[in-house]
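First to last, the protein sequences are chains A and B. The opening residue of the first sequence carries number 1 in this note's numbering; numbering runs sequentially from there. The opening residue of the second sequence carries number 1001 in this note's numbering; numbering runs sequentially from there.
To be clear, the hints were calculated from the coordinates, so they are not data collected in a lab. Every value quoted in this text rests on a predicted model; they were computed, and no experiment measured them. For every residue, glycine included, the Cβ atom is placed at its ideal position computed from N, Cα and C. Any given hint could turn out to be false.
Taking lysine-lysine pairs in the DSS-like style, the calculated list, with each CA pair at most 30 Å apart, reads [claimed, not checked]:
no., chain 1, residue 1, chain 2, residue 2
1, A, K200, B, K1357
2, A, K89, B, K1298
3, B, K1287, B, K1064
4, B, K1426, A, K159
5, B, K1064, A, K200
6, B, K1502, A, K200
7, B, K1498, A, K96
8, B, K1498, A, K200
9, A, K96, B, K1071
10, A, K96, B, K1064
11, B, K1288, B, K1298
12, A, K125, B, K1071
13, A, K96, B, K1121
14, A, K89, B, K1301
15, B, K1498, A, K101
16, B, K1298, A, K200
17, B, K1052, A, K159
18, B, K1357, A, K89
19, B, K1298, A, K106
20, A, K101, B, K1071
21, A, K43, B, K1498
22, B, K1288, A, K101
23, A, K89, B, K1040
24, B, K1194, A, K159
25, A, K96, B, K1357
26, A, K106, B, K1471
27, A, K89, B, K1052
28, A, K200, B, K1423
29, B, K1064, A, K125
30, A, K101, B, K1040
31, B, K1052, A, K96
32, B, K1288, A, K106
33, A, K46, B, K1298
Covered by chain B, according to a simulated footprint, are these stretches of chain A (three or more residues, beta-carbon under 8 Å) [as the list claims (entries may be wrong)]:
no., segment
34, 44 to 57
35, 90 to 101
36, 125 to 139
Quick list of the computed label-pair ranges, beta carbon to beta carbon [stated by the list, open to error]:
no., chain 1, residue 1, chain 2, residue 2, range
37, B, G1230, A, E213, 45 to 55 Å
38, B, K1386, A, G225, 13 to 23 Å
39, A, G136, B, S1412, 54 to 64 Å
40, B, Q1172, A, L105, 52 to 62 Å
Chain residues, written in single-letter form:
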Amino acid sequence: MDDIKDDSRRRFVKGALWTISATALGPGVIISAKAQTEVTDLKSYKPVFFNDSEWRFVMAACDRLIPADATGPGALEVNVPVFIDRQMKGDFGLAKDWYMKPPFLKAVPQLGYQSPLNPAQTYQKGIAATDKYCQGQFGKVFAELSADQQDQLLTHLQKDDIKFDDVSAAQFFAFLLQNTKEGYFCDPIHGGNKDMAAWKMIGFPGARASYLEWVEQHNVPYPLGPVSINGERG
Amino acid sequence: MARQEKPVDVVLVGLGWTNSIMGMEMTEAGLDVLALEQGKDRDTVPDFAYPKMADELTYGVRLKLMLPPAKSTVTVRHNIHETAVPYRQLASFLPGEGVGGAGTHWNGHSWRPMPEELRLKSYVEERFGGDIIPKDMTIQDFGVSYEELEPHFTFFDKVMGVSGQAGNIKGQIQEGGNPFEGPRSEGYPLPPLKRTYNDDLFTKTAKAHGLHPFPLPAANASEAYTNPYGMQLGPCNFCGFCERYGCVNYSKASPQTCVLGALKQRKNFAYRTGCEVLKVELDSDGKKAIGVTYVDSKGEKVFQPANMVILGAFAYHNVRLLLLSGIGQPYDPVSNTGVVGRNYAYQMTGGTTMFFKDKEFNPFIGTGGNSTTLDDFAINQIDFRKEGFIGGSYFSAAMTNGQPIRNMPLPSGSPSWGAGWKKAVKENYGHSMGIHTHGSNMAYRDCYLSLDPNYTDNHGLPLLRMTFNWKDNDIRMTQFMKGKIEMLAKSMNPDSFKSSYKDFGTNYDVRHYQTTHNVGGSAMGTDPKTSVVNRYLQSWDVHNVFVVGASVFPQNLQYNPTMLVGGLTYWAAKAIREQYLPNPGPLVQA
């Protein structure tokens, strides 16, 4: 159950729909309606990785990194925190594919990631350190600050202006921003990009993956909306 | 004690392009052939089947077709005085994993080398004088000529079903092709791919400047096609999931789509996956290989006896295996002795992105080889003495995918997050195109591969250590290209443009994707003092070991390496079949 990319879990989540959705990318209207009804409601979602205070931080930070406004959906509207929570329990959070053997030496940044912490540990330490810092500065945790204060804090993290004892502020921010954008634009199968709303905003057709007859139609907006791997249509 | 398997005539280490080809050639010669592949078995169905391949996060970002560093990686440092640290997370280059290797996840760019590139040192000396070669630049001739390889390029074109427009057939310049290429004996097997909007815009601009744009030679089939092995390719549908993905559509040339389906039918061919070769075993006097030791998928050590060993793993894995096996003398840059690991080189790239509010590019309509290119600034077109560098680049206006996590170019000054970022994303997605330079990288005395003294893999064996940094010669080359590209970009009248080229003092940065075209370390050549294998890719030291792949390049081309890798493999296979098998022993006397 920990690895959301595991097929058995996918089948569990999608139930019987999974077995037919792969072939339903044609006239899949009914599938699509059903698929949408089972999309997670962020308010009632129970995190599988983050604890309550961490979850409040992630929700608040995502809301500032991609806020909701008239331009298009915000990170919370498309379930980015759900995506991040699931990633932390999966291969990415655990750095399963990375070489994580010691010694961990200090090197110039150009030689790449050299932290002994995996992304999940970086989040946990980063959130705790940021909340502690905010308590010291403002007497409140990050999630309770005003939007402006949160933006300032995030900027400080990004620029590595704040030094934490046990985690790099800039690395923590880098994971947070990277994962937020991933959750915004990924296929909904991963928990983010709910209703493919981020794809609709920019005009990306998702998993359609077949355009031969459109190649030579130059300087014309592509007319069809997106489809997802599970056969949702937008 | 290692379990011992039944002997075979030939053991192939790795099963990507090179050893798929070797499998065909060696089985055709009647030999019993076994391939050992460290990764998983992979085929179009079920591994690349639609729709699961159309998943940017899993394959484009999390790189699930690549070799995880957790299993094997390299260490990197910028100079010989530093301690190297592990390349812990893939980014700069992406070695493939499993059957098909890097030939599964590539884009299909199928360039032949220029004749001059194969004899680069001689070309520079004859044309400009040897004094322009910097003291520590260790460029060499390949020891094989374009003319010798030409028939093999032509055959590999047909195996892959390359779509393109020839520029030079038997010395006759062809309209719409690359007028600067070496003479071809015949045109491409398939016509060029359909052209996207960026192609048209770039073509008009380049022609207005008196340049010679042409379609990139693409191993993405433009039409239905059957290759000489009877393998069938379908027309590419511009799905926009090419590089980093397996092809859902049997359109992109790969070992799977072009070779393995035929090879697997042969009774004298077998392959085992999940088998990681640790060492080539030598006889008591070290002159002959007797087989290989590998760890199988259950973790058991196995000795596989064989009469011939062909190393066809990813370029730098070949070099590591030679070092771990004690074949050839390891290179030492201080004393400038030894050869194994010498002349490692990478590739010099850069680009300019132009933004057009009023143009719709639909960037998701793309394929790996979808690009209009030009070669007016190629190696054989530049006065090296005048410009002060040795090298060259092709230019490419490519539109390969619109995957929004990775492919979201934004104008300079756009915020990286927040409401301003989202606005920039909405306003700019689909309204930009790029022109890129893809160029040569010379070899230097202090850029090399060796075994790392500190870090090991899961078997306790040392990782390979890469010592590499950019040199002024190559920076001057890319800065020259920057000037030319920005001139073209400005004349396209974009609302804005931004450039990214390496500048003097820039250190090699492993954090950003550049290319997977790592070359060298087991250079081919005519002198055993400066090469690991002879002109037939045979080890100078152990005559029944052959090394195939980009590890044999003595420096890097300005092009993508696959066509030369394939051409050289057929060349070596011919030598094995016609010369080595009747009379096993060194094919060239040292």
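Margin query: Can you confirm whether the C-alpha distance between A/K96 and B/K1357 stays at or below 30 Å?
Written below: violated, 42 Å
Hint check: B/K1288 vs A/K106, CA-CA at most 30 Å. Holds or violated? violated, 43 Å
Pair hint outcome, A/K101 versus B/K1071 [Cα-Cα no greater than 30 Å]:
holds, 11 Å
Original post:
Under a C-beta cut-off of less than 8 Å, do 3 or more residues of the segment 44 to 57 of chain A approach chain B closely enough to confirm the stated coverage?
Top reply: Violated: only 0 residues of the segment 44 to 57 of chain A have a Cβ under 8 Å from chain B.
Satisfaction of hint between B/K1064 and A/K96, Cα-Cα up to 30 Å: holds, 11 Å
field: 30 Å limit on alpha-carbon distance, applied to hinted pair B/K1426 and A/K159
entry: holds, 25 Å
task = Sort out whether A/K89 lies within 30 Å of B/K1357, counting only the CA atoms.
result = violated, 41 Å
Does the structure keep A/K89 and B/K1301 at a Cα separation of 30 Å or less?
This hinted pair is violated, its Cα atoms lying about 33 Å apart.
**Item:** Satisfaction of hint between A/K200 and B/K1498, Cα-Cα up to 30 Å
**Value:** OK: B/K1498 and A/K200 at ~27 Å, within 30 Å.
*asked:* Please verify the coverage claim for the segment 90 to 101 of chain A: does it have three or more residues whose C-beta sits within 8 Å of some C-beta in chain B?
replied: holds (count 9)
| query | Does B/K1121 lie within 30 Å of A/K96 when you go C-alpha to C-alpha? | reply | Given that 30 Å is the threshold and the Cα spacing comes to 45 Å, the pair is violated.
_Please check whether the segment 125 to 139 of chain A has three or more residues whose CB lies within less than 8 Å of a CB on chain B._
violated (count 0)
Of the numbered hints listed earlier, those contradicted by the structure are 3, 6, 7, 13, 14, 15, 16, 17, 18, 19, 21, 22, 24, 25, 32, 33, 34, 36, 37, 38 and 39.
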